[in-house]
Each structure stands twice: as C-alpha cells, then as structure tokens.
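J.: Protein sequences appear in the order of chains L and A.
For the first sequence, the positions run 1 to 205 when our numbering is used.
For the second sequence, the positions run 206 to 367 when our numbering is used.
To be clear, the hints were calculated from the coordinates, so they are not data collected in a lab.
Ideal Cβ placement from N, Cα and C applies to all residues, glycine included.
Certain hints may be false.
To be clear about the criterion: a stretch of chain A counts as covered by chain L if any three or more of its residues have a C-beta under 8 Å from a C-beta of chain L, and this derived list gives those stretches [said to hold, decoys possible]: (1) 232-245; (2) 301-309; (3) 330-340; (4) 345-354.
Selected chain A positions facing chain L (in silico; Cβ < 7 Å) [to be verified]: (5) 257; (6) 276; (7) 322.
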Amino acid sequence: MKKLLSFFPALLTLVLLTGFVADPAGYQVGDKVADFKLKNVDGKTVSLADNKTAKGYIVVFTCNTCPYAKAYESRIIELHQKYASKGYPVVAINPNDEASVPGDSFAEMKARAASKKYPFPYLQDATQQVARTYGATRTPHLYVVTRQGSDFVVSYIGAIDDNSEDAKLVKTKYVEQAMTDILAGKPAATSSTKAIGCTIKWKKA
Amino acid sequence: MKYLSTLLLAAGLLWAAPGRAQQVSVIKFADLQKRLSQQNDTTYVVNFWATWCAPCVKELPLFEQLNTTQAGKKVKVLLVSLDYASQLDKKVKPFVLKRNLKSEVVLLNEPDPNSYLEKVDPKWSGAIPFTVIWNGKKNKRATFEREFTQPELTAEINKFLL
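Take these sequences, add in the hints, and give me the full structure.
T.: See the structure below:
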C-alpha cells in the first residue's frame with residue numbers, strides 16, 4: 001500500500017504531462033476516422049462502411065440520462081430527417097458505462113429508441129473505445145464525417161447549436177451551418193465549436 | 206430621524222451578515238472573467254458544476270471541506286453553477302440551501318457556452334465538472350476537466366500553497 005501511494009503522485013504527474021486527462025487525444029477536423037463495429041438497439045452491428053450510398057454521417061455521442069442529451073434529442077432526430085436524404089444520416093452512439101449509469105444500459109437504450117421512434121441507429125459503445133478514439137468528452141458531442149474515396153474524414157466537431165435550453169431561442173445552428181458548406185463541397189467555415197454537456201461516464205479503471 | 210437611518214443601516218447590515226442562507230447571484234461572463242483574473246496572493250478554486258451533473262454533485266463536498274481544512278490560509282472557493290437561469294429559484298437555490306453550501310455560489314447566465322468555454326480555458330471541451338485553480342501572485346494556474354478524489358484535490362491545492 002505504501003509503495004502504491006508513493007507511486008501515485010508519479011503516475012498523476014505522468015498523466016498530467018502526457019495531457020491524457022486535460023487534453024484527451026482524439027480526432028481533429030481533417031483527420032481520417034477508423035471504422036467501428038457497434039451493436040445497434042435492433043441487435044445488429046453497424047459500421048460506417050455498411051451504407052454504400054452515404055456521403056458521410058452525422059455521428060453523435062449521446063445517451064439516455066443526460067439532461068443536455070434529452071434537451072437535444074428531438075433536434076438530433078430533426079437533423080436526421082433533414083440530412084439523411086442528402087446523404088448524411090445520423091448515427092447515435094451511447095458511450096456511457098452501464099455499470100455506473102443503469103439508465104444507459106442496453107435494455108434502456110432499446111426502450112428509449114423505441115419510445116422516441118429513433119429513425120437512426122442507436123449504438124452501444126460497450127468498450128468505450130470509439131468514444132476514446134474520437135476524443136468525445138461529453139454528451140451530446142457531435143462529429144460530421146465526409147466520405148473521401150473509401151475513407152471518412154472529420155469535417156465538423158462540436159455543438160448542435162447555441163442554445164441547449166430552448167430550440168426557439170437558437171441564434172446559430174452550428175451543425176446546419178457546417179452542413180450547408182459541406183453539401184456545397186466547401187470546408188465548414190466554422191468547423192469546431194464547444195458546448196456544455198455531461199461528462200461521459202467512463203468505466204472505473 | 207438620524208437615529209432611525211442608523212437603525213435601518215444596522216438592520217441592513219445584520220440582514221446581509223453571514224450565517225444567513227447563502228445567496229446565489231446570477232452573473233454574466235464578463236463579471237466572471239474579472240473574478241478569474243484577480244492578481245493577489247489568494248489561491249482561488251473555481252469549480253463549474255450543475256445540479257443535474259451527478260459527478261459534480263458528488264465532488265461538491267470536497268470543495269466545501271476546503272473551507273475548513275484550509276481555513277486561515279488564503280484559499281477561496283467559488284462554485285459556478287451552469288444550471289439554466291430559469292432554474293435559479295426552482296432548483297439551484299433549494300439545492301444550495303439543502304446542502305447547506307458555505308462556499309460562494311454564483312450562476313453563470315450565458316446561453317451559448319461556445320462564447321466563453323475557450324476564454325476560461327482553451328483545453329475545456331465543455332464537459333463538467335471543470336475546475337480552475339490559480340494564484341495570481343505566484344503566476345500559477347491549473348485546470349481539470351474531471352472529477353477529483355479527496356487525495357487528488359489535496360495534492361493539487363498543496364502545489365499552490367507550498
């Protein structure tokens with residue numbers, strides 16, 4: 001125990017120096033993304049490569065339990081309704097550890113997707129590896145990826161709009177603004193934004 | 206007449222005296238930014254939290270304890286609630302009262318976090334809890350986008366005091 005305690009500050013320093021905690025590694029705009037294979041609420045697995053006609057995806061890390069994710073739920077559905085037909089469907093991923101947040105269990109995800117009639121896949125990131133790779137830190141945290149040949153490249157990272165509390169008071173719809181540029185074949189003028197959200201509930205190490 | 210105004214003043218002072226239930230003032234980012242850049246020998250611990258954020262609520266007692274464990278030292282805790290301003294009377298004030306929070310609590314009323322997160326710290330992605338510890342005189346500052354454990358917080362505070 002004593003040995004462990006004396007080791008701890010060194011470990012903490014290492015963690016701070018490598019910036020793992022304060023500045024998590026993850027995708028930046030322009031990065032190629034690795035494909036994933038995650039279980040959907042319908043029991044099937046979903047990968048980005050599955051949909052051959054997709055020009056890209058609106059990948060959103062979200063969950064059942066966060067008030068911000070709930071506040072944005074219908075706006076996420078609207079994004080899918082607006083952009084799926086233009087080649088950019090929504091893929092929702094729940095990265096929360098179901099052991100720490102029972103409300104985010106696979107069974108609860110199924111129930112949520114059914115009751116709100118999600119028109120998009122709702123995937124469980126059970127190992128949290130996808131969220132780590134993306135560098136997602138909170139829910140909701142959104143990424144627009146665009147097809148380039150056989151790869152998908154990050155075009156936008158961040159918030160959905162500038163008012164989580166009230167959709168009617170939104171002044172700037174960040175994702176829609178970015179999508180307008182992307183659909184016109186241009187890079188998003190504002191390619192990254194920030195927003196308050198719930199910390200992703202990581203598994204206890 | 207003069208006597209009456211003195212009496213009123215005294216009553217007013219008593220009214221504002223500590224020991225009364227903690228008030229929660231609603232502030233804009235410009236006010237907070239002034240607070241975040243004070244240059245004196247006090248070590249400030251500013252924690253961004255919300256009543257709906259489970260890890261935030263869990264770690265609040267750690268910040269509260271600093272008022273006793275660091276009493277006599279120049280350490281000041283400021284708890285910045287990121288709850289919606291519309292929830293001030295319904296949620297935030299009852300929470301502060303129920304938890305008997307002794308640290309100063311303010312509610313940051315800014316609808317677009319994208320306008321201020323970067324200014325608080327470029328590394329802050331927007332997840333809470335988020336904590337800033339700084340000492341203007343020592344020109345030292347550290348930020349944490351995560352929940353603390355007791356030994357971690359103590360270790361970080363000590364870096365500023367020793």
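J.: Now look at each hint and say whether the structure bears it out.
T.: The hints, checked one at a time:
{"no.": "1", "hint": "232-245", "result": "violated (count 0)"}
{"no.": "2", "hint": "301-309", "result": "violated (count 0)"}
{"no.": "3", "hint": "330-340", "result": "holds (count 5)"}
{"no.": "4", "hint": "345-354", "result": "holds (count 5)"}
{"no.": "5", "hint": "257", "result": "holds, 5 Å"}
{"no.": "6", "hint": "276", "result": "violated, 25 Å"}
{"no.": "7", "hint": "322", "result": "holds, 4 Å"}
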